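Keeping the supplied structure of chain A fixed, place chains B, C, D and E upon it in accordance with the hints.
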Amino acid sequence: MAQMITVRIKFFSGIDKELKLENYDPSKGMSLSIPSGKRLKWALKHAGLTDFSSYAYFRSGERISTWSKLKQGDEVSCLKPSGGG
Amino acid sequence: MILPSYYEYCCRVKTISGYKALEQIPAMLESMHVKKPMIITDKGVVGAGLIGIVKKAMGAKVKIGVTYDSVPVDSEYKVVNEAAEIYRKKGCDSLIAVGGGSAIDTAKGVNILVSLGGNNLLNYAGAHNIKQKLNPFIIIPTTSGTGSEMTNAAVIANHDKNIKMLFASYFLLPDIGILDPRMTKTLPPFLTALTGMDALTHACEAYFCLGKNPVSDSHAYLAIKGISENLLHAVKNPGDMKARLAMANAATMAGAAFSNSTCGMVHGLGHSVGGVCRVPHGNCMAIFLPYGLEYNLHKCADIIGEILFPLAGPEVYNSTPKKERPERVIELVRKMNQDLHDATGGRHPRFLKEILDRNGAQQVPKSALPAIAKTTIGDGTLVYNPEELTYDDAMLVLEHAWEGTPLNRKKIKKGRKKVKW
Amino acid sequence: MQEVIGTNNRMLEIDLTAKKFQVTEVDKKDRDLYLGGKGLGLKLLYDRMEPGLDPLGPDNMIAFTMGILMGTGAPCSGRFEAITKSPLTGAMVTGTCGGPFGMAVKTSGWDAIIVKGKCSAPTYLYIDSKGVQFKPAKGIWGKDTEAAQAALLKEGAGAIVIGPAGENLVKYANIASGHRFLGRGGIGAVMGSKNLKGIVARGNEFKIVPANKKKFAKANKRFFKFINKNPITSGSYRSFGTNANVNLSNASGILPVRNFTGGSHGEAHKISGETMAERFHTKYDTCKPCAILCGHRGTINGKEHHIPEYETIGLMGSNLEIFDPAQIVEWNELCSKYGMDTISTGGTLAWAMEATEKGLIKTNLKFGSPSGVSEMIRDIAYRKGMGNDLAEGSRAASKKYGGEDFAIHVKGLEMAAYDPRGCVGHGLSYATANRGACHLSSVLFSLEAYLGMASPYATRWKPFMVKFMENVLSAVNSLHICLFTAYAVFLEPPLIKLTPVPLIKQLNQNLSLVALNLMDVSLWPELWHAVLGKTYIPYLGMLKFIKAGERVHVLERYMNTREGISRKDDTLPRRFLTEGRKCDQKEHTVPLEKMLGKYYRLRGYDANGIPKKRTLKRLNIAIQ
Amino acid sequence: MQIPDYYEFLNQAKIISGKKAMEHIPFELRGYDAQKPLVVTSRALSESGLIKKFIGAFKDSAVTLGGIFNDVRDYAGIGLARDAAFLYRERGCDSIIAVGNGPEVDVAKAVNILVAEKTDDLFKYFEGTPLKRHLKPLIVVPACCSSGMEFTNTVTVDNRSLTSNFLYPDLAVLDPRMTPAKSRDCVAESTVIAMAHAVGAALTDIHSPMIEAYAHSALRYLGLHMTKGLKKPGHVETSLALHNAYALAALAFSNAPAGMVHLLAVELARATDISAGKFMRILLPYKMAHMMHKKMKIRDELFLALAGYDEYAATPAKDRSRAGVERVLALLAGLKGMMPETMKDLKVPKYKLGDIAKAASARSGKRYSEADCKTVLEHAWEGRAF
Amino acid sequence: MNINNYPEIKAGKDFISKIYVAIMLWIVGRAIQAASRVDKEVKKEFAEFPADFMMCMSILPFGPHMVVGKDKNGKVKYMGWNPQGKKITLTMNIKSMAAAMQVFTFQESTTTAFAHDRFTVDGDIVQGLAVVRVLNIVEVYLLPKIITKLAVKRYPKWSEMSPLRKWVGRIIIYVRAFTF
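Same order as they appear, the protein sequences are chains A, B, C, D and E.
One gets the numbering used here by counting positions in the first sequence from 1 and adding 89 to each.
One gets the numbering used here by counting positions in the second sequence from 1 and adding 1209 to each.
One gets the numbering used here by counting positions in the third sequence from 1 and adding 1099 to each.
One gets the numbering used here by counting positions in the fourth sequence from 1 and adding 2 to each.
One gets the numbering used here by counting positions in the fifth sequence from 1 and adding 254 to each.
If we strip away everything but chain A, and leave its shape as in the complex, we get (with noise of 0.2 Å):
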């Protein structure tokens, strides 16, 4: 069986509403354990999301995108984008 690793997904701009999790807390957001080596994608379909590509991911200060592999202890913030000014 993989080697189980947990990783932290936070989501904003009113995504939680659409997948309607209960008591979402937007500091601490949604832990899941996932085998080692998945991908961002898998992830995010695991955690009910559908429509990937109308949202910007971040991973420790970097935007990152659907497929790129995640690590022990990621911290993956999901939000719609925005231009900024």
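Hints should not be assumed to be uniformly reliable.
[To be verified] One-sided excerpt, in silico: chain E residues whose CB lies under 7 Å from chain D:
(1) M255
(2) I257
(3) Y260
(4) I263
(5) A265
(6) K267
(7) P315
(8) K349
(9) S350
(10) M351
(11) A352
(12) E393
(13) R430
Keep in mind the hints are simulated off the structure, nothing from the lab.
For clarity, every value in this text was computed on a predicted model and none was experimentally measured.
No residue lacks a Cβ here, since even glycine has one placed at the ideal position from N, Cα and C.
Below, chains B, C, D and E alone, put in the same frame as chain A:
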């Protein structure tokens, strides 16, 4: 002004000079957070009433711990211990030395003992063995000549072991040196001449010896200028405060100059004559200065030539051609000795045989010359002299100095031409 | 209601000292070369002002320019421009505002207003199609912006006023129009130094009709389609306003925390647009007309308040480590009433807190605690006690009390809410922006940090990207149209829409020259030509438009170098050149020196940052 | 030799200059019973390789360097001083060596106060509580350029300055391996500052002989080596002589009351972020022209120091003071390409001159009237002769 | 502020100069011992020293040392390189290895080195000066004229040291120094 390949300069003394300088002492003590100073002086100074002036100037603001005034002519090991005992008993916290070289050296010894504890001076002897700041220490020189308020050394004799202990460390420098013309107002004319020539020697030697450096040079230049303008005037009318202050300043600057660029053979010879025949230091300096210049002439002619500028002023300097300038300098120094001789009514000696002690006997007999020569070549200052000085060179100079005749140049053995600073 | 076809090029020159005004004509050539808005305003002042004069003296001038798109119904075209010499930075400053004043002046038949001289007593101006009336402002002098605004609006459709901060010459006082502000650079202080409380315009006397209606309608329709299709302009901005950026900055580590020492903070989501939208049930409260609808209003413990913009939340919230939205709204109200720029106020307060912490000054301000902030804002507005020093701006205060290494400003203008260490290209843009640490000079942080279209820490192509974006945005500011339309114009054309984002990133990284030139920004020039009835050549028209933008930027740089700005000012605060952010293990700093030399060469400046004669001639800027 | 009625003079710093000077530091430290110094230097110097030479000088010595704090850039802030003091305490150091110029030495002095007085609040000494006792031994090793303030008894941290006789460095080490400058501007800046300080000290109204001695030797070296130093900044012996001049000028300056040129230059540098050296180069000629205009006597010693004995003696007495001024202007003319001549070239806005003059005359304790400052500034702005 | 990006630095050793100086000290020590038997002036100088005379020239702080002194029957002997266990009456310390290199590569003469404060002398000054004179004479013997001319204030004239005596002395000293 040449830049030597290496030099060191350190003169960490706060100089306060002025007509009301003594009145600053309470403020200075307060800024150093001390309240009970001990005064160390010698009988001569007390006799001249100078301690009274100092106490009046300090007024009621400062409570003097004790006044210790039995310092002998040569600072002595037992005197230092005794003074240190009194210092501790009275609970003083700082030192004021009022007087000449011996009072200042004794005060330095006392400061070592009271600040670092113990009563055996020996384990602090030698160079750089004192490693921390000593207690606050003020020097008020009463002879404008020795410049020992600027030196970082102290020589204390130890008669039962018959050795001279040398203490050298930058921590021996006083915190404050106070120059007040009232201190030298009562200095008799021949003593003024004597100490003035001592200061002139310090400045000249600092200018051409091997420890030459830019800061000492400019201090020496100003000192020579001050002395040449004011010495004769101060000897002729001792009461003139302006001249006294100028002499005091010139002496201090000469002290600052020579304590860093060190002096040469003139001091070597002077120490030996002083040691062997108990002659006051100033006299020997006045006598040997022209000979020192002549002896080292071939080694640093242009440097000695430059001394003519502060000694005689720009006009004379401009009129004498470059080659003759060193000769003019030596001539002027001899002329100065001569003027001082006449001004003090013959008491200022021009050559060795003229030195008479109190009851008129000749202090430096011709027979003593070999002994003097022997001690000279053992004197530490010879290292800094541009030209080598062996026993027979010393004898040659001493004979001429005894007679008073100028050195003949051919006799001097000439070393390598250019001095590489 | 008369009709104006395209633009009537009429201009008002008002001399406050002599209480006279003069109607003049905008020179045709200037209109073509400088488009209008920011460009035209700069050219007008370039011809009239000589360098080295006192920004708060009588001979400093303010130019209000309206731009040709205003009143034509183009999307987000309700904004006007103001240009003057800034007392805060000593260089030229240009600000934009979406308040009703612009539309009122345009519909009173004026394309630009230039105010010169100084009134002997407090006055305000009444403008209508005939001219200007000088009216005593004794009654409203000393009143806050809302009360003054209400009094003036009785006489006209739109008005601008200054608050007590402007009257007391606070170096970063701003100008209020409606509840929108002309914030940066202390233009309010310049009005205050002229004893000018406000200007009100009657409006609704002219109707602006584009010369070539058919072409304008076609372009307009395409523009609205793009705006409503783009996820940013129709998605996050429409629902959460500019505060949608809070979470994004926090995630990408460029949120200012504790005077720009940290890049992100655990509690940042409490002050994000989403939380506020939920808690305060926000409604739209925008410039008129607007197609994006990014401004919002909400009920906060019972009363209706305007929701602060992202910059205010960043600088007066996370930068002071305060995460209570209601508190920030209260301070935002206070600054709006006194008429003070929230970015500069936030930056200066953050400096004051760190200076107190390090013992340089004595105040009761502390990071994380709201105690003493409201009182300090009042003291700054009325220049009482320490407020008097802080009113001079963080540069002057740090020169007096020390702490220059943590005064976060460039050329004296406090920095906006983006930490350049997380987007080094934007760091270069902060350094070389003409009015100081302004984020709108080239919005590179969105490419680097938000949209991920360029790698945040690479320096290779960044000088070229900064130059390209500066040119385009200067041109956009000269139309004038709201900068947020750039997301629609840049990201919606088919070419960009279809290529996946990582591919764009690679392209930008290696072939940035090709990638950026392929950008199709033809929508803006099409509108401009349509309104003026000129024929638009598809590709060359766009290049001419971008060249006009370059001309505007280089003119502003040239005017600044005449005031003494040079390479020594094009730098960043020491914090960004030496320390790393707390949230970044690799402790990246901004390698400014690597990019600055190349940027000067691209721009045609000499090694000291002064535009070469050859460059000025190429852009046909007349050398005085 | 004019002697003023009252003067005080103190030079606490020991100067050692010349070949292998840095090798003497271990011995000097032994003299203070200190064996573990903290080194404060700048990032630019540690990258330029000079620090490797500095460390090389400690070979075969009992000294261990407690740490090389090289975060200082071009501004001395309290944050840096606190970090360095923390490192000092952590490593248990017993003395401080500052390698570099202006900001590095200021940070070192600030650290010295923090560690010697065992406090964390530095600014209470700036607001009145006096420094009471000697601080830790402080050694300064200048490198390539000089801000003219290294050897003074003043420390400037966060734009605030404190003067106290305990702030003098205990040792100034001028080593020919460290002194050659990297660029001509660096030499131009340092020589102008030294010239302004030395001339200011030479022409000060209390002309005490001690100050005159230091100013004399500083001006002597500037006169001899300045023009050559500008042409060849890397020349070893010239740069050593120039560094001697910087040190001696700084020591003369710290004993004389601050001259008008210094005060105005510091205020202008504060207001415009341009280095003070450039303003001193502009203001010095105008200050002297102003003195000649107001018939104030410019002492002959200035010409003597710059020209040397022979030339001084050769010129007739009455036009020696004017010759001194000409000689200063000739030396400044050597800076043709490197430094602007008037403040207009530097684009200093004219309206700021008013309050600069007011601030400078306030800091001079009313020794210079505001009107004088204003006239000198105005003339310097346009470059108009008197 | 993490303190381990500012590591403690121990400057290490400069082996080449240490070895070179050690050898030079050894040669000079042996040469003094040889000269004290050959040259009459050196003999005269040493004659005046007390019986327990023991001189140690060393490089501060823990550099190579040279100990020369009088043994039981009053003859001057090179006592090796370790000063421990011997009662030293006169110490002449050179302040740093670099200063020693300056002196022993003859870039600076002994007297200029004194003037430049490279030396510190503890003990009786008169003995110190005598040792300096001895060193000068030894240098005249050991080295060719062009080098010694730089190192000495005044190269001995023909009258003081005839070429014959110099060459003979030189050969004997070299022989004595290098044969044990």
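With a cut-off of 7 Å, does the beta carbon of E/P315 approach a beta carbon of chain D closely enough for the hint to hold?
4 Å, holds
If you take the shortest Cβ to Cβ gap from E/I263 to chain D, is it below 7 Å?
4 Å, holds
A closest beta-carbon separation below 7 Å is what the hint needs, so does E/K349 meet it against chain D?
4 Å, holds
Is the shortest C-beta separation between E/Y260 and chain D less than 7 Å?
4 Å, holds
Given a cut of 7 Å on the nearest C-beta pair, is the interface hint for E/E393 held or broken against chain D?
With a minimum Cβ separation of about 21 Å from chain D (threshold 7 Å), the hint on E/E393 is violated.
Taking the closest Cβ pair, is E/R430 under 7 Å from chain D?
31 Å, violated
Would you settle whether the hint for E/K267 is holds or violated, based on the nearest Cβ-Cβ distance to chain D being less than 7 Å?
6 Å, holds
Satisfaction of the E/M255 interface hint, Cβ to chain D closer than 7 Å:
4 Å, holds
Return the status of the interface hint for E/S350: holds when the least beta-carbon distance to chain D is below 7 Å, violated otherwise.
4 Å, holds
Any CB of chain D closer than 7 Å to the CB of E/A265?
With a minimum Cβ separation of about 4 Å from chain D (threshold 7 Å), the hint on E/A265 holds.
Restraint satisfaction for E/I257 [CB to CB of chain D, less than 7 Å]
Hint holds; E/I257 Cβ to chain D Cβ min 5 Å, cut 7 Å.
Could you check if E/A352 really has its C-beta closer than 7 Å to a C-beta on chain D?
4 Å, holds
Checked against the numbered hints above, the structure breaks hints 12 and 13 and satisfies the rest.
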